[in-house]
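Spelled out from the first residue to the last, the chains are:
Protein chains: 2
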Amino acid sequence: MSDAIQITNPSPGIGDTPGFVASGVACDVRCNGNERLDLTLVYSKTPCTAAGVFTTNDVKAAPVVLDMEVLKSSAPIHGFVANSGNANACTGAQGMADAKEMIALAEQAAGAPAGSFFVCSTGRIGRVLPMTNLRKGIADAGLALEDSAAQSEKAAYAILTSDTKPKTVTTRFDWQGQTITVSGMGKGAGMIEPNMATMLAFVTTDAAVAKPLLQQVLSTANQTSFNQITVDGDMSTNDTVLLLANGVSGIEVTEDQAELLALFQQAVGIVCRKLAEKIVGDGERVTKFVRLYIKGAPSDQAAEKVARAIGNSLLVKTSWFGSDPNWGRLMDAAGYARVGLVEAKVDLHYNDVPALLQGTPQDDNLAQWKAIVANKEFSITLNLNVGEGAYELLSTDLSTGYVDFNKSE
Amino acid sequence: MSDAIQITNPSPGIGDTPGFVASGVACDVRCNGNERLDLTLVYSKTPCTAAGVFTTNDVKAAPVVLDMEVLKSSAPIHGFVANSGNANACTGAQGMADAKEMIALAEQAAGAPAGSFFVCSTGRIGRVLPMTNLRKGIADAGLALEDSAAQSEKAAYAILTSDTKPKTVTTRFDWQGQTITVSGMGKGAGMIEPNMATMLAFVTTDAAVAKPLLQQVLSTANQTSFNQITVDGDMSTNDTVLLLANGVSGIEVTEDQAELLALFQQAVGIVCRKLAEKIVGDGERVTKFVRLYIKGAPSDQAAEKVARAIGNSLLVKTSWFGSDPNWGRLMDAAGYARVGLVEAKVDLHYNDVPALLQGTPQDDNLAQWKAIVANKEFSITLNLNVGEGAYELLSTDLSTGYVDFNKSE
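The listed protein sequences correspond, in order, to chains V and L. Here the first sequence is numbered in this note's numbering, starting from 1 and rising by one per residue. Here the second sequence is numbered in this note's numbering, starting from 1001 and rising by one per residue.
If you're looking for bench data, these hints aren't it; they were derived computationally from the structure. Model, not experiment: these values are computed from the prediction. Each hint can be trusted.
Distance condition first, Cα-Cα at most 30 angstroms in a straight line; then the derived DSBU-like pairs of lysine-lysine: (1) V:Lys72 with L:Lys1345; (2) V:Lys72 with V:Lys211; (3) V:Lys295 with L:Lys1407; (4) V:Lys136 with V:Lys100; (5) V:Lys100 with L:Lys1345; (6) L:Lys1407 with V:Lys165; (7) V:Lys407 with L:Lys1376; (8) V:Lys407 with L:Lys1407; (9) L:Lys1370 with V:Lys407; (10) L:Lys1376 with L:Lys1407; (11) V:Lys376 with L:Lys1407.
Please take these sequences and the hints and turn them into a complete structure.
Next up, the structure:
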């Protein structure tokens, strides 16, 4: 990681970027009388270019479908509105009408032109939005918009569902006497699996970046962040990552300036990666954070298959929950990925301690594996020793708390 | 189902087939001083033809590798030995030597020629077998072999691991004044996912069937039984289904006799299906048994993908555990199977009660869905209405008990 990038983690959040104002208010999206923050508004007076990545689920929530259209249009972007507590997914024509109304109301509340906002929703699937509450909430959020750490932090709270804490990070780097800022916020917790998650993440920057390049930077950052995490293997209907660039720093990032582009890519990469790590670390009732490194696979794709087989195996995840270094289950999962694993070639390490070398158990180290797996955070490296393919996946255990928490909603 | 087939369910088990004797003894494979039954021996004095299906995991336990060789040889088969409590998987050269010794000892104990036995193991992965205990156990089992319901039932007990009860079934049908018997026993409980499971099943018949035809009959039966179940999505290193035919009924099943072959196929199919259902119903800490019917998919393969996405979704399974008819999670899982689901075309039923029609929630029926999902057993039918593909999968909920049970071993 370059010293040129300064990281504030956690940070005041998305409003940390010059030119962006934010707010977070409570409007009872859950219709349970609770006063928790559940509506976020973010606005840049200066028009932005935008990039986005979205769930690849066949079932896309109305806001996702709409945002993909907004992104396709050539209109300048000024911000987004997001609610937690209701996903506006599987809500048919009514859901689409509601998502459109949310955009129109948010644009009005912020004083932005039509067609310049995105909308995101997260929460329970299959319920129509309580639009009376949302209308009031969006109006309130418009009045609350300000350039303050306090409102930016509220914005980060208002997108949370089963998360236990807000997730924010800011990076800054200097270029020709100017500072460029990239800041972000995210939410996760359940339905967390590659190709994103029930996951929303929003990143803002004051660099000026043309739309195609901005999309390229975000897609690249996404590959090594939000696409490398899993909590429960369930991909959501609402996954969205948005990156907005308003250019108020006066610095333009272009492909011609390789050094600046590399720094910018790195800054966006760090923001996405830190948010992804926070999402995994705050997975529903998670007690372990496991970095899985797969090496020596026939290809990177094969390594990813092995990583996901292990990282999503119920038996592996429950053994982690019990602090049991049950490498047998891990080998079983690696084997059913069916990428051509040869048992007698496999090396397996917990942190730096070998558990298997060339397929042979290193039973003398048992006490050490046990001690490692008892920690809240550890790594597992599986080297298939048959090729050059590699993949890294951030995973978690599966706890009784997860099941208990999700048995009803 | 034809009336011509008489079903005894449960039955005395595998020894119910004329000409097969069985025994089950305790030899402390788990090395914990416990006296539970853990070694099974089954023997037919009359030589048998045999058929088998095995795990497709890259990591195959030593007994699986060995059985695949036995099956390839042209030697007549006389029986098998099986232990629970230790999978003899990931045990390298020692594991292979031990598996070979188990076969040789079992042949000796039963008085059978060399090269005529199979061996199966199930239990913890990565531990070397306690051969001192097994040597004594196999000798004891040889002495205990007899043609009795009592020993046949003990044999069915001795293959169990985390199962709570033995799984047996017998079918009989008449042909030209003779009775043909097909009987079986199985074990399951954890690591249960298609392409079988941590699952052993043994089926015997007194029909005479040439080896290629016997294999065809077993493979066909397997497709609509053991390959259609899931508990936790973890495919094991040890999955094995064996079918032994000793011909003592004097009736030969051939391809030329279409009616007889159909009856025999049906009988083997019923035995496999009943055993598969018992395995799902007795999954680790399972509280729900769910029949998933996927229809109207672009192809049967696509329907299977959707069924497995739903049947293995943690969020769907935990909602079943909580008796919550959370069809949103179900739609989410169906969507990430990515087979071309169109939300506005989907019909979804709990038993016969519609939850979605053409993608529109039938909220008036909410009380009825809730009542259905509160039952121990129910069906869910998802019609994508885009093609003719169909698939059926037997699945279960995921309970806090499962996680608690598997957090250490």
